[in-house]
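**Student:** Those protein sequences? They're chains F and L, same order as listed.
Be aware that the first sequence starts at -6, since it is given in the working numbering, and climbs by one per residue.
Be aware that the second sequence starts at 8, since it is given in the working numbering, and climbs by one per residue.
The hints are simulated quantities; they were obtained by calculation from the structure and are not laboratory data.
A couple of the hints might just be wrong.
Stated by the list, open to error - Cross-link-like lysine to any residue pairs, in silico, SDA-like; alpha carbons within 20 Å at most:
#, chain 1, residue 1, chain 2, residue 2
1, L, Lys195, L, Leu175
2, L, Lys540, F, Pro120
3, L, Lys544, F, Lys222
4, L, Lys464, L, Asn440
5, L, Lys530, F, Asp140
6, L, Lys547, F, Val75
7, L, Lys275, L, Asn173
8, L, Lys53, F, Thr157
9, L, Lys530, F, Arg122
10, F, Lys49, L, Thr556
11, L, Lys544, F, Pro120
12, L, Lys358, F, Gly168
13, L, Lys540, L, Lys576
14, L, Lys248, L, Asn173
15, F, Lys30, F, Lys222
16, L, Lys540, F, Glu84
17, F, Lys155, L, Leu50
18, F, Lys227, F, Arg213
19, L, Lys53, F, Gln159
20, L, Lys365, F, Asn51
21, L, Lys365, F, Val50
22, F, Lys2, F, Ser88
23, L, Lys201, L, Pro366
24, L, Lys275, L, Thr174
25, L, Lys358, F, Glu84
26, L, Lys358, L, Arg23
27, F, Lys49, F, Gly31
28, L, Lys547, F, Glu84
29, L, Lys53, F, Asp176
30, F, Lys30, L, Pro366
31, L, Lys540, F, Asp176
32, L, Lys358, F, Asp176
33, L, Lys540, F, Val75
34, F, Lys177, F, Asp140
35, L, Lys576, L, His606
36, L, Lys358, F, Glu74
37, L, Lys53, L, Gln423
38, L, Lys53, F, Arg165
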Amino acid sequence: MVKIIIDGKEVNAEIGDNVLEAAAKNNVFIPSLCYVKGESVKGENCLGTCRTCSVKVNGNIMAACTIAVCEGMNIEVNEPEVTDMRKALVELLFSEGNHNCPSCEKSGRCELQATGYEVDMMVSRFPYRFTPRQVDHSSKFIWLERDRCIFCQRCVELVRDKATDQKIFSIRGRGTNARIEIDKSLADNMPAEQVRAASDLCPVGCIIDKSQGFDVPIGRRKFEIETIKERALKGSIDD
Amino acid sequence: MSDINQNIFERYNFDRSRLMDVLWDFQRRDNYISSDNIEDIALCLKLSVNDVKETLSFYHFFLDKPFGKHHIYLSNTVIAKMNGYDEVRQALENETGCRFNGVDKTQAFGLADANCIGLSDQEPAMMVDEVVFTQLTSDKVKNIIEKLKQGKTAEEIANPKRYASNTLDYVHAIVDSNIRTASRVLFKPERNYKQILNTLITTTKPEGVIETLIESNLKGRGGAGFPTGLKWKLGREAQGKDKYIICNADEGEPGTFKDRVLLTESPKDVLLGMIAAAYAIGSNYGIIYLRAEYWYLKAFLQQQIQDFRDNGLLGKQILATAFSFDVRIQMGAGSYVCGDETALIESCEGKRGTPRVKPPYPIQQGYLGMPTSVNNVETLACASRIIEEDSAWYNQLGTPESTGTRLLSISGDCSQMGIYEIEWGTSLNSVLNMAGAVNANYVQISGPAGDSLSVEKESERVFCYSDLSCNGSLMIFDHTRDILNIVSDYAAFFVEESCGICVPCRAGGVELKNKMHRIIDGKATQLDIDEIKQWSKLIKGTSRCGLGTAMPNSILATLDKFSDIYFEKIMVQKGPLLASFNREEAMSAHELAYDNLVHKGEE
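So that you can see chain F by itself, here it is in the shape it has in the complex:
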């Protein structure tokens, strides 16, 4: 155990926890979109791509998932400047991609949508770009709706073909042209539960299970029953 300060309050944190987890265990919610609890990627415990968990650590802005707690660390979460930065990053994603919640199957269980509510986003401060993006429906079980991709890399790093351990999702291109690709032959061998898991892993509605849609009625979906904040805080207490 180490003592850390979160928003002026001294609390305990477990050695080895990152700031995001330590805050959640102390009932302080930090939004995040790429972080997957308990998953290790290439020896790292985070992807560090979305930056929406940015907080101030000893006065410097850092992504909470990338930093391990240490004794005396001073963390500011609900500080106005960095709170607005987290909100701005969520808004930036909304203007970069094409996110049309009312027509999206993932609505109500989409982490981007739920986080948008959580950070009090009304409309993006950035101009909507309406970027043309190609969707890929060629695989047997998965719709790849790139309009909604936020390029978090969860699927790239965490979904593997069981037999070959090869990646099913990969990256192509770079910068603004970077996009997710699906390995059709490997994807067509995915068992139903893996397809479901990949679709659940996707924080947005980019990886959609073709076999199952609207299985939970709108209004009864997970973030409609409990906010993403409530779920995140409860989840870590349950552990």
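With chain F fixed as given, assemble chain L onto it according to the hints.
**Tutor:** Leaving out everything else, chain L in the frame of chain F:
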């Protein structure tokens, strides 16, 4: 696997981490990397096809479809644009019969732009296959394309005297070094490397080497300025089965070319610096990560390594001691972000050049997960001089806080473009005088990622770590240059070179670029200026690596120091919104109408 591919895979021992080399070998053989070969590569390196494409599609110079027999990349830096880029571009299209980003009908030429290719002192410049042509004019282009059409190779045209590609004459035939100052620390002629190394190994323990470097106060010359001695100390203390030394020769910062000149004129200084680092840290293996824009230096550098091996300075049991160390050259393939040390390591491992999440830092976990000291070319060359002389000698140069010298790559509006070795502590004014810049208005130091200086306001500022901690790039612009266009060009550069892994850099960069266009087009208002400042804060604060955090620098600095040119462009509403609208008149007219209507009704 086809038989002709077998050799390539064997050359790299079917090692996945050598994917960059494998891709280059296929491309050099076939002019591009076909989808059949991509499948073969995947199979033989135990990767998926998409894994191979993931790496391939990251780099500017890797081609997955035919791009003509001769690949022509024209440098499109702001410096090139000041020196006849447009004319040369047009000439290239006319002579080859092909448009940019396309291939001509005969499949002979592929044309494309490239970001800075390290030749700002002799722009316009272009890469053709593996050589470069400098100081281009439309006549020169005509001549080169004509000869290519006659069947000559680019190498034969650039090197008419047919020097062997592993000689200094060959490199000099292709590019000029343009060193403008006498040697102080760097470019010392005729050094006896064997004697220097022998003295070092026989008289000094590794800890002693580190101690000397710490006392010398040498800081990393790549830009970050991390103390070199401390890095080596951490490397020595770090735990790992193997340890690695990587020389970062990926100078991609637009306007910089000092490493090109160091590797041309003093390559063995750099190698000796690597050997000293390896001895200090306890490493047996080194890599020189050479940017693909410098292909024409590769054979020459390989020869320098071979000379050292032949003389017992590299290889097993160096100078008959137990110390072994050898070096290989890793070619890059066109990516600015690979100058970031963790992105560079990823690239050395055959992956996309995506900067890693830090910590851990490379000195703890770097190449193949092992402790790795990544040092800049110039840092290593300086280190080789410090171990020859001593730290006291080095401390005499520069200032107490910023010891030694700094190489500046100077380009732009001056009479003497080229390489200058200045002592830290030199003022901007004296640097401009040295270079013969008479009408300088704006100076961009450390490239687009660095700082923008107003000569009028800041000429007394001094190059040192506490003031102008320049990374070596210095571009001079006189009063005739359009600063907004230059800065807008930089914004576009960052968008092109962003790896795309994190949101603020990938998406935010586009917003900054669009804002610059709005300003230039005269469509911006004060709100745009305010948003530039706010959004820059966001991008600087939350980006994953230095590319993102540095991206807004030139916009913010010019906005601060040359605010007039921005405010001339933005729409300002002076006075009331509708100048022709007279409120009182309008109100009285209403009253009149009302009266008329009401009274008419009563009558």
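**Student:** Hints first: check each against the structure and report whether it holds.
**Tutor:** Evaluation of the provided hints:
1. As the CA atoms of Lys195 (chain L) and Leu175 (chain L) are separated by approximately 16 Å, the hinted pair is consistent with the 20 Å bound.
2. A threshold of 20 Å between alpha carbons decides the hint, and for Lys540 (chain L) with Pro120 (chain F) the separation of about 16 Å falls inside it, so the pair holds.
3. The hinted pair formed by Lys544 (chain L) and Lys222 (chain F) fails the criterion: a straight-line CA distance of about 26 Å is larger than 20 Å.
4. At most 20 Å may separate the alpha-carbon atoms for a hinted pair to count; Lys464 (chain L) and Asn440 (chain L) meet this at roughly 16 Å.
5. Distance restraint check for Lys530 (chain L) and Asp140 (chain F): the Cα-Cα separation of roughly 29 Å exceeds the 20 Å cut-off, and the hinted pair is therefore not satisfied.
6. Our distance criterion of 20 Å between C-alpha atoms is met by Lys547 (chain L) and Val75 (chain F), whose separation comes to about 12 Å.
7. With a CA separation close to 14 Å, the supplied pair Lys275 (chain L) and Asn173 (chain L) stays within the 20 Å bound.
8. A C-alpha spacing of about 10 Å is found between Lys53 (chain L) and Thr157 (chain F), which places the hinted pair at or below 20 Å, so the restraint holds.
9. For the suggested pair Lys530 (chain L) and Arg122 (chain F), the alpha carbons sit about 18 Å apart, so the restraint of at most 20 Å is met.
10. Our distance criterion of 20 Å between C-alpha atoms is met by Lys49 (chain F) and Thr556 (chain L), whose separation comes to about 16 Å.
11. With a C-alpha separation of about 18 Å, the suggested pair Lys544 (chain L) and Pro120 (chain F) falls inside the 20 Å cut-off, and the hint holds.
12. Between Lys358 (chain L) and Gly168 (chain F) the alpha-carbon distance is near 15 Å, which keeps this suggested pair within the 20 Å criterion.
13. Of the pairs offered as hints, the one joining Lys540 (chain L) and Lys576 (chain L) holds, with about 17 Å between alpha carbons and a cut-off of 20 Å not exceeded.
14. For the suggested pair Lys248 (chain L) and Asn173 (chain L), the alpha carbons sit about 34 Å apart, so the restraint of at most 20 Å is broken.
15. Between Lys30 (chain F) and Lys222 (chain F), the direct Cα distance comes to roughly 14 Å. Compliance with the 20 Å bound is thereby established for this hinted pair.
16. Proposed proximity of Lys540 (chain L) and Glu84 (chain F) is supported: the alpha carbons are some 17 Å apart, at most 20 Å.
17. Proximity of Lys155 (chain F) to Leu50 (chain L) is assessed by CA-CA distance (about 18 Å); at most 20 Å being required, the pair is judged to hold.
18. Restraint check for Lys227 (chain F) and Arg213 (chain F): satisfied, since their Cα atoms lie roughly 19 Å apart, inside the 20 Å limit.
19. Only pairs whose Cα atoms come within 20 Å are accepted, and Lys53 (chain L) paired with Gln159 (chain F) is accepted, the gap being roughly 9 Å.
20. For the proposed pair Lys365 (chain L) and Asn51 (chain F), the alpha carbon gap of about 17 Å is at most 20 Å, so the pair holds.
21. Restraint check for Lys365 (chain L) and Val50 (chain F): the C-alpha separation of about 15 Å stays at or below 20 Å, so the hint holds.
22. Taking the CA atoms of Lys2 (chain F) and Ser88 (chain F), the gap is about 36 Å. The hint is violated against a cut of 20 Å.
23. Distance hint between Lys201 (chain L) and Pro366 (chain L) is unfulfilled; the C-alpha atoms sit about 38 Å from each other, more than 20 Å.
24. A hinted pair counts as satisfied when its Cα atoms are at most 20 Å apart, and Lys275 (chain L) with Thr174 (chain L) qualifies at roughly 14 Å.
25. About 31 Å separates the Cα atoms of Lys358 (chain L) and Glu84 (chain F), which puts this hinted pair outside 20 Å; it is violated.
26. For the hint linking Lys358 (chain L) to Arg23 (chain L), the alpha-carbon distance of about 9 Å falls within 20 Å, and the restraint holds.
27. A hinted pair counts as satisfied when its Cα atoms are at most 20 Å apart, and Lys49 (chain F) with Gly31 (chain F) does not qualify at roughly 23 Å.
28. Distance restraint check for Lys547 (chain L) and Glu84 (chain F): the Cα-Cα separation of roughly 17 Å lies within the 20 Å cut-off, and the hinted pair is therefore satisfied.
29. A threshold of 20 Å between alpha carbons decides the hint, and for Lys53 (chain L) with Asp176 (chain F) the separation of about 15 Å falls inside it, so the pair holds.
30. Only pairs whose Cα atoms come within 20 Å are accepted, and Lys30 (chain F) paired with Pro366 (chain L) is accepted, the gap being roughly 19 Å.
31. Taking the CA atoms of Lys540 (chain L) and Asp176 (chain F), the gap is near 42 Å; set against the 20 Å cutoff, the hint is violated.
32. A hinted pair counts as satisfied when its Cα atoms are at most 20 Å apart, and Lys358 (chain L) with Asp176 (chain F) qualifies at roughly 18 Å.
33. A threshold of 20 Å between alpha carbons decides the hint, and for Lys540 (chain L) with Val75 (chain F) the separation of about 15 Å falls inside it, so the pair holds.
34. At roughly 19 Å between alpha-carbon atoms, Lys177 (chain F) and Asp140 (chain F) fall within 20 Å of each other, so this suggested pair holds.
35. At most 20 Å may separate the alpha-carbon atoms for a hinted pair to count; Lys576 (chain L) and His606 (chain L) exceed this at roughly 54 Å.
36. Straight-line distance between C-alpha atoms of Lys358 (chain L) and Glu74 (chain F) comes to about 36 Å, which puts the hinted pair past the 20 Å bound.
37. Straight-line distance between C-alpha atoms of Lys53 (chain L) and Gln423 (chain L) comes to about 52 Å, which puts the hinted pair past the 20 Å bound.
38. A hinted pair counts as satisfied when its Cα atoms are at most 20 Å apart, and Lys53 (chain L) with Arg165 (chain F) qualifies at roughly 19 Å.
Hint violations for this structure: numbers 3, 5, 14, 22, 23, 25, 27, 31, 35, 36 and 37, all remaining hints satisfied.
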